[in-house]
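Residue numbers (the working numbering), protein chains in the order written: chain A, 24 to 320; chain B, 36 to 309.
By construction, these hints were calculated from the structure, which means they are not laboratory data. Keep in mind that this is a model prediction, so the values were computed, not measured. Don't be surprised by glycine CBs; every beta carbon is placed ideally from N, CA and C.
Computed beta-carbon distance windows for the label pairs:
hint: 1; chain 1: A; residue 1: Arg281; chain 2: B; residue 2: Lys195; range: 40 to 48 Å
hint: 2; chain 1: A; residue 1: Ile67; chain 2: B; residue 2: Phe142; range: 32 to 40 Å
hint: 3; chain 1: B; residue 1: Ala204; chain 2: A; residue 2: Lys312; range: 45 to 53 Å
hint: 4; chain 1: B; residue 1: Lys38; chain 2: A; residue 2: Phe163; range: 28 to 36 Å
hint: 5; chain 1: A; residue 1: Phe163; chain 2: B; residue 2: Lys225; range: 49 to 57 Å
hint: 6; chain 1: B; residue 1: Leu44; chain 2: A; residue 2: Leu75; range: 51 to 59 Å
hint: 7; chain 1: B; residue 1: Met201; chain 2: A; residue 2: Ile297; range: 39 to 47 Å
hint: 8; chain 1: A; residue 1: Asp210; chain 2: B; residue 2: Ile207; range: 39 to 47 Å
hint: 9; chain 1: A; residue 1: Leu46; chain 2: B; residue 2: Gly211; range: 21 to 29 Å
hint: 10; chain 1: B; residue 1: Lys195; chain 2: A; residue 2: Ile207; range: 18 to 26 Å
hint: 11; chain 1: A; residue 1: Asp210; chain 2: B; residue 2: Glu200; range: 28 to 36 Å
What follows is each chain in one-letter form.
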Amino acid sequence: MDKMLGKKRYIAIFVMPALLLFLCFVVAPLVVTGIYSLFEYDGIGTMKFLGLSNYIELFTKDRYFPKALTNSLVLAGASIFIQIPLSLLLAIILARGIKGEKAFRTIYFVPVVISSMVIGQLWMKIFNSQYGLLNIIIGFFTGEKFEYSWLSTPSTAFIATVIPAVWQYIGYHMLIFYAGIKSIPTDYYEAAKIDGASNGQVSLKITLPLLTPVIKTCLLFALTGSFRAFDLIYVMTGGGPNHASEVPGTLMYSSLFRRGLYGYGSAQAFFIVIECLVFSYVISRLFKKAEENASVI
Amino acid sequence: MKKVKKRILFIILILIAIAQLFPLYWLITFSLKSNIEIFGENVLGLPKDWRWINYTTALSDGGVLRYFLNSVFYSGTTVAVTGIITAMAGYAIARMKWKLNNLVFGFFALGIMIPTQAALLPLFQVLDKLGLKGGYIGLLIPYISFAIPMSLMILVSFYKGIPKEMEEASYIDGCGVLRCFGTIILPIIKPALATASIFTFLGTWNELMFANTLVDSSDFRTLPVGIMSFSGQYSTDWGLIGAAMVIATLPTIIVYFFLSNQVQESLVMGAVKG
Numbered sequence: 024m025d026k027m028l029g030k031k032r033y034i035a036i037f038v039m040p041a042l043l044l045f046l047c048f049v050v051a052p053l054v055v056t057g058i059y060s061l062f063e064y065d066g067i068g069t070m071k072f073l074g075l076s077n078y079i080e081l082f083t084k085d086r087y088f089p090k091a092l093t094n095s096l097v098l099a100g101a102s103i104f105i106q107i108p109l110s111l112l113l114a115i116i117l118a119r120g121i122k123g124e125k126a127f128r129t130i131y132f133v134p135v136v137i138s139s140m141v142i143g144q145l146w147m148k149i150f151n152s153q154y155g156l157l158n159i160i161i162g163f164f165t166g167e168k169f170e171y172s173w174l175s176t177p178s179t180a181f182i183a184t185v186i187p188a189v190w191q192y193i194g195y196h197m198l199i200f201y202a203g204i205k206s207i208p209t210d211y212y213e214a215a216k217i218d219g220a221s222n223g224q225v226s227l228k229i230t231l232p233l234l235t236p237v238i239k240t241c242l243l244f245a246l247t248g249s250f251r252a253f254d255l256i257y258v259m260t261g262g263g264p265n266h267a268s269e270v271p272g273t274l275m276y277s278s279l280f281r282r283g284l285y286g287y288g289s290a291q292a293f294f295i296v297i298e299c300l301v302f303s304y305v306i307s308r309l310f311k312k313a314e315e316n317a318s319v320i
Numbered sequence: 036m037k038k039v040k041k042r043i044l045f046i047i048l049i050l051i052a053i054a055q056l057f058p059l060y061w062l063i064t065f066s067l068k069s070n071i072e073i074f075g076e077n078v079l080g081l082p083k084d085w086r087w088i089n090y091t092t093a094l095s096d097g098g099v100l101r102y103f104l105n106s107v108f109y110s111g112t113t114v115a116v117t118g119i120i121t122a123m124a125g126y127a128i129a130r131m132k133w134k135l136n137n138l139v140f141g142f143f144a145l146g147i148m149i150p151t152q153a154a155l156l157p158l159f160q161v162l163d164k165l166g167l168k169g170g171y172i173g174l175l176i177p178y179i180s181f182a183i184p185m186s187l188m189i190l191v192s193f194y195k196g197i198p199k200e201m202e203e204a205s206y207i208d209g210c211g212v213l214r215c216f217g218t219i220i221l222p223i224i225k226p227a228l229a230t231a232s233i234f235t236f237l238g239t240w241n242e243l244m245f246a247n248t249l250v251d252s253s254d255f256r257t258l259p260v261g262i263m264s265f266s267g268q269y270s271t272d273w274g275l276i277g278a279a280m281v282i283a284t285l286p287t288i289i290v291y292f293f294l295s296n297q298v299q300e301s302l303v304m305g306a307v308k309g
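Pulled out of the complex, with its shape left as it was, chain B reads as follows:
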C-alpha cells in the first residue's frame, strides 16, 4: 500500500516536471526548425534539419547581437554599482555608530513595496529634463535605484551575523575605515554579495517596463524590448523568433545551471525579506 502511494506521488511529480519543461523543450526545438517543420511536418520532434542559421540570422540581420551586448552592459553595470554602494550603505547601517541608522534602514525597506509603475511617469519626465532619457545612463539610473532596497536587505542581514572581532583587531592596529572596508570587510561579505548580485542580475536582465518606456532608439535597446520589436518585424518566421528568445534566455539559464543552489537561495531570500 505504502509503495503504491509512493509511486503515485512520484508520477505526479514527473507530470508536473513535464508541464514545467515541455514548453521550453518546444521552444528550443522550434528555434532550430524551418516553418515547414514547425507548421505541420514535424511539430513536436527533434529538428530533422538543424537550422543553426536561424541563430546567425537573428544575431546579425535582426540586431539581436546588439541588444544582447546592451543587456550585458546594463546588467553588468547595475550589478557592480548596486553591489558596491549597498555594501557601503549596509556597513554604515549595521556597524557604524549613529542615531538614525534604524530609521534609514526602515526607510529603505519600504522601498521594496514600491511598484515600478508608481514611479514611471516622474522618472520619465526628470530623465528627459536632464537629457539622459534614451541613453545608457538614463536606464541605468532607475535600474540601480530600484535594485538598492533588496540588495541592502540581503547585505545588512549578513553584516549583523558576522562577529565584530574580525574588524576590531585591524582598527586597533590603526587601519582606516576605508582601507579596513576594502581589505577586511569586502572579502568577508562575498557570499552575501553573490546572493544580492544574482537577485539584481535576474531582475535587470529580465526587466521590461523601464526599458520599454525610457529607451526609443534601437541602439540602446535591451533584449526584452528588442525581441518584442523583432518578433513584430519577423512575425511569420517562428524559427527566427525562437532563436532570438533562446539567445535572450541563455545567460540566465547558464547562471542557473552552474549556480542553481545560490540562485534558489537568492530568490527565496528576496521573497522572505520582501
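Okay, chain A solo, but in the shape it has when bound:
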C-alpha cells in the first residue's frame, strides 16, 4: 500500500488540480495586489514606483479613509460587545436544556443562511422613511405619523447598517458557543453540582474558562468579518450619504472600479489583509496565556 501511495505520478494527479487553481487564482492575485499597492497605476499607462507612499497617503491625505477605518472598528466593537455576549448568553441558556431548545436553535440560525443582498434590501425597506416597518412601529407607539430617513441622514446611516450585521450573525455565534459548551465533558458539571455550585457559578467558573478557545474563534471571526465588511453596506448605502457610512471595503471598490486608481485601491485592499493578519496574531497571542490557564483546570 505504501508503495502505491508513494508514486509521484498519482500524487501529482491528485494534488495538482486544486493546487494550480489555488495558486493561480487566489495566491497570485493576492501577491499582485501587494505589488500594485507600491505603485501609481491607472491600469493603462506606465507604473510609477512609490514605495509605501500609498499607505502613508491613506492616513495623511485621504479625506475618507480614517473615517472608513473608524466605521469598521465601530462595527467590530458592536460585534464584540453586543453580538458575542448576547450569543454566549443564549448558548448557555439553551445548553442547560430548556423546553424547545432545538426549535430556538433552528430559529436563531435562520438569518445566517440568507444572502446579505436580501438582508440588506430587506432592512432598507425596514428603515424606509415613509413606509418602513421601524417608523410605523415608532408611529404606533407615539400615536402620530413618524417620518425619518435613517439611511439618507449621515448621522444614522452607518448605525443603520450595523444593526442588520449584528442581527444576522447572532445565531451563528450562538451555535459555535453552543457546540463548544456541549463538547465539555459532563463530569465537570456533575462534580460541581455535588459540591453544591449554583447554575451561575457553574457557568462562570467552569463553562467560561473551558470555552476560551471557542471565544477566541468567535472574536477572530467578528474582527476579521468587520474589517472586510462590504456586501451589506454596499447594498444599503453604497458608502453614502456623503461618504458617512464608508468602510475600507467600499472605498477600495470605488477607488478600483469607479475612479480607476489601481495602485491606490490596491493599497486599500492590501491594508485590509494586513489588518486581518495583525489582529489575528495579536488575538492568538493574547489568548495563548488564557488557554494555558484554562487547561490547568
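Once you've looked at the hints, dock chain B against the given chain A.
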C-alpha cells in the same frame, strides 16, 4: 423562585426568536400584497388578497427566472468541481507518502484568511486578458478557487479520522489508486463531502462581490446581482421586489429546513477550522 426565573429566561428566548423571524415574516407577507396594502391599509397582517401574480411577474417580466437558473448552474458546478478536486487533494495530503504534504496543507490553510477583496483587481484583469470575464467560466474559476481551502480543511480532518485498514485490504488485492479512490474512498467520505458541499453551496449562492464585478451582461448574472438591478428598476413596487427576494432565499431556506443539523454543523465547522 426557580420557576419564575425559568419563565423569565423562556420569555427572553421567545422575544429574541421574534426579533430574528419578524423581518422575514414581514418580507414574505409583503411579497404577496399590493402597494395599497403594504403602504397603509394592511402593513403587518397576512395579505387580504394573495397576489401570487407578484411571483409570476418577477419570474417572467423581471428576468428573475434567468438569474435563478444561472445561480443554480454556478452553485451546482462549483459544489461538484470543488468537491471532487478537494476530495482528491485531501486524499493526497492525508494519505499519500510525500515530503511536502504538511507544507502544502499549511499553504492551503492560509488561503482561508485571504479576503476576496484582496484578489479582486488582478482576477478582473487576468480573466479579461483570457477573454473569460463576463461569461460562466469567468465567474466559476474564482468561485471554485476560493472555495477550495475550506472544503479541503473539512475533508482532510475527516480523512485523518478514518482507519487505514479499510483501504489496505483492497490495495493488497491489487486495486489501483484511482479505482480504490473511486470505489472505496469516495463512499466513506460522503458525510464530510456533504458538510463541505453545504458550506460551498451557501457561500456561492449568496456571493455578491465577484458576481457584481466580473459579470456585466444580464444573461450571465447571478440572483444577488440580478435582484439588485431588479429592485432599482421596479423600486416603487415593493410586492414585486419582495417576491424576487423570497425566490432568491427559497433554495437556501429549503436546504436549511431539510438539513438543519447538517447545515449548522457545516457552518460551525467552517468557523472552527477558519
